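J.: Construct the entire structure; sequences and hints are all you get.
In order, the protein sequence lines correspond to chains H and A.
Numbered continuously in this note's numbering, the first sequence closes out at residue 245.
Numbered continuously in this note's numbering, the second sequence closes out at residue 245.
None of these hints come from the bench; they were simulated from the model.
Predicted model, so just to flag it, every value in this text is computed and none were measured.
The beta carbon of each residue, even a glycine, is placed where N, CA and C say it ideally should be.
Ranges between beta-carbon positions, derived for each pair:
1. Pro84/H with Glu29/A: 42 to 48 Å
2. Gly73/A with Ser5/H: 57 to 63 Å
3. Ser179/H with Arg128/A: 53 to 59 Å
4. Glu198/H with Arg184/A: 42 to 48 Å
5. Pro38/H with Glu29/A: 55 to 61 Å
6. Ser179/A with Asp93/H: 37 to 43 Å
Stretch-level coverage of chain A by chain H, calculated; a stretch enters the list once three of its residues show a Cβ under 8 Å from a Cβ in chain H:
7. 180 to 193
8. 201 to 211
9. 234 to 243
There are 2 protein chains.
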Amino acid sequence: MIRLSRRAGDPPLYAQLAEVLTSQISAGEFEVGSLLPPEHSLANAYGLSRATVVKALDTLADRGLVVKQQGKGTFVTSTPLDRPLNGLGGFTDHVTSLGMKPGQQLLSRGEVAATEDPLHEPYRPDSRLYELVRRRLVGNTPVGTQHSVLPYEVADAIGLDDDGVLEPSFSLYARLERSPYAPRRARETLRAINCSEEDALTLEVDPGTALIEAMRESTDGSGRVVEVVRARYLGSWYVYRVELS
Amino acid sequence: MIRLSRRAGDPPLYAQLAEVLTSQISAGEFEVGSLLPPEHSLANAYGLSRATVVKALDTLADRGLVVKQQGKGTFVTSTPLDRPLNGLGGFTDHVTSLGMKPGQQLLSRGEVAATEDPLHEPYRPDSRLYELVRRRLVGNTPVGTQHSVLPYEVADAIGLDDDGVLEPSFSLYARLERSPYAPRRARETLRAINCSEEDALTLEVDPGTALIEAMRESTDGSGRVVEVVRARYLGSWYVYRVELS
Numbered sequence: 001m002i003r004l005s006r007r008a009g010d011p012p013l014y015a016q017l018a019e020v021l022t023s024q025i026s027a028g029e030f031e032v033g034s035l036l037p038p039e040h041s042l043a044n045a046y047g048l049s050r051a052t053v054v055k056a057l058d059t060l061a062d063r064g065l066v067v068k069q070q071g072k073g074t075f076v077t078s079t080p081l082d083r084p085l086n087g088l089g090g091f092t093d094h095v096t097s098l099g100m101k102p103g104q105q106l107l108s109r110g111e112v113a114a115t116e117d118p119l120h121e122p123y124r125p126d127s128r129l130y131e132l133v134r135r136r137l138v139g140n141t142p143v144g145t146q147h148s149v150l151p152y153e154v155a156d157a158i159g160l161d162d163d164g165v166l167e168p169s170f171s172l173y174a175r176l177e178r179s180p181y182a183p184r185r186a187r188e189t190l191r192a193i194n195c196s197e198e199d200a201l202t203l204e205v206d207p208g209t210a211l212i213e214a215m216r217e218s219t220d221g222s223g224r225v226v227e228v229v230r231a232r233y234l235g236s237w238y239v240y241r242v243e244l245s
Numbered sequence: 001m002i003r004l005s006r007r008a009g010d011p012p013l014y015a016q017l018a019e020v021l022t023s024q025i026s027a028g029e030f031e032v033g034s035l036l037p038p039e040h041s042l043a044n045a046y047g048l049s050r051a052t053v054v055k056a057l058d059t060l061a062d063r064g065l066v067v068k069q070q071g072k073g074t075f076v077t078s079t080p081l082d083r084p085l086n087g088l089g090g091f092t093d094h095v096t097s098l099g100m101k102p103g104q105q106l107l108s109r110g111e112v113a114a115t116e117d118p119l120h121e122p123y124r125p126d127s128r129l130y131e132l133v134r135r136r137l138v139g140n141t142p143v144g145t146q147h148s149v150l151p152y153e154v155a156d157a158i159g160l161d162d163d164g165v166l167e168p169s170f171s172l173y174a175r176l177e178r179s180p181y182a183p184r185r186a187r188e189t190l191r192a193i194n195c196s197e198e199d200a201l202t203l204e205v206d207p208g209t210a211l212i213e214a215m216r217e218s219t220d221g222s223g224r225v226v227e228v229v230r231a232r233y234l235g236s237w238y239v240y241r242v243e244l245s
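T.: Structure (structure tokens):
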């Protein structure tokens, strides 16, 4: 058992545990995106009640060092995914810039015809389109889904059916950025939704969990729509930030 | 019973009902913010199955003409509260600009000492603060809560303990704007959360309903923090919009 100080006048035990864990996180003993030991293990290791451990973890959550996810445990995150609303970049750049490891898993890809799906609305009704559906990860933890729809010839030009798209490190934005279809402007909307049964399976959370849904329509230098994407991120992981004046 | 056309080659019944309701909404027969008749009443009135009515209402929801709120019914809304993320204005101005009627109900107000509450964090630990907690309405429908914290002397200067604050039309932003403490810059964060038991009572929705939480810290021309507000809006009512380049 790891000893905390229990003399009169010492800080409360939960605060001591919070300090120990904070130091361990800062020292990199727990990797960003990884799970902290479960509450009962911490309680046993430090000779504390479960309630004291919970209070310590709440303190870390208040500091933005961890994110509690119901039914899964407590994840280390130097901060939630604090996203400035001022750039065109994608998930990969953003997560990397926060010192975390972005990842992706391809769920489906292929050609589709334009329908009444809101993701198709910016395109002409007779358009050939290409859809890419992905699960996005931080470390090994699913944090969101992304459903991208591009004009077929854009998808073709940037090689969305090649094997590189299967790589965990694949970045759609990077491919677009290096192509003649580089996004130059985008319109984005944000709203809060409850997680559907389907997304709950993908994101490994309970249905109903709060998600932030970002819909983005990107246009290239000629004003052509080159991507429409609907991203749904776990509310506990994602914070958008904006400066107003 | 109101007759829809049932001849071969006519549009499907749900589409016909969607058109009838769209015309009625456009003609102002149903006021923005009011409830549509319940599904079973529409089904009886038009001689349709409940499923057909649901499909018609889904069509209106896709067009942004109505918002379905679980357990409460279908509200008319020319569009959800589509909020451009580019200005400093408040709820009252925003809802008015959309042609809807903003309202508020005071839940509590008074002086408080600075604590570790995140709403107090931008202030010095020894600050005298003033808190104002309100429920915000569109028409008669609660759509959010706002918890504002101001320096005591700012609250005093703009008369936050006077009777005007009890009026449904009271606008905190308008008072600040006319004072020497007019906001000139703000930092805002947005995240999705599940509605707490407490907020569920205030907002008359089920606990767990997705809310968008906006935290805003406003500073005046001298850089002094003049308000910190945490707003929680129903996800079904609120959409934030931003242009990126």
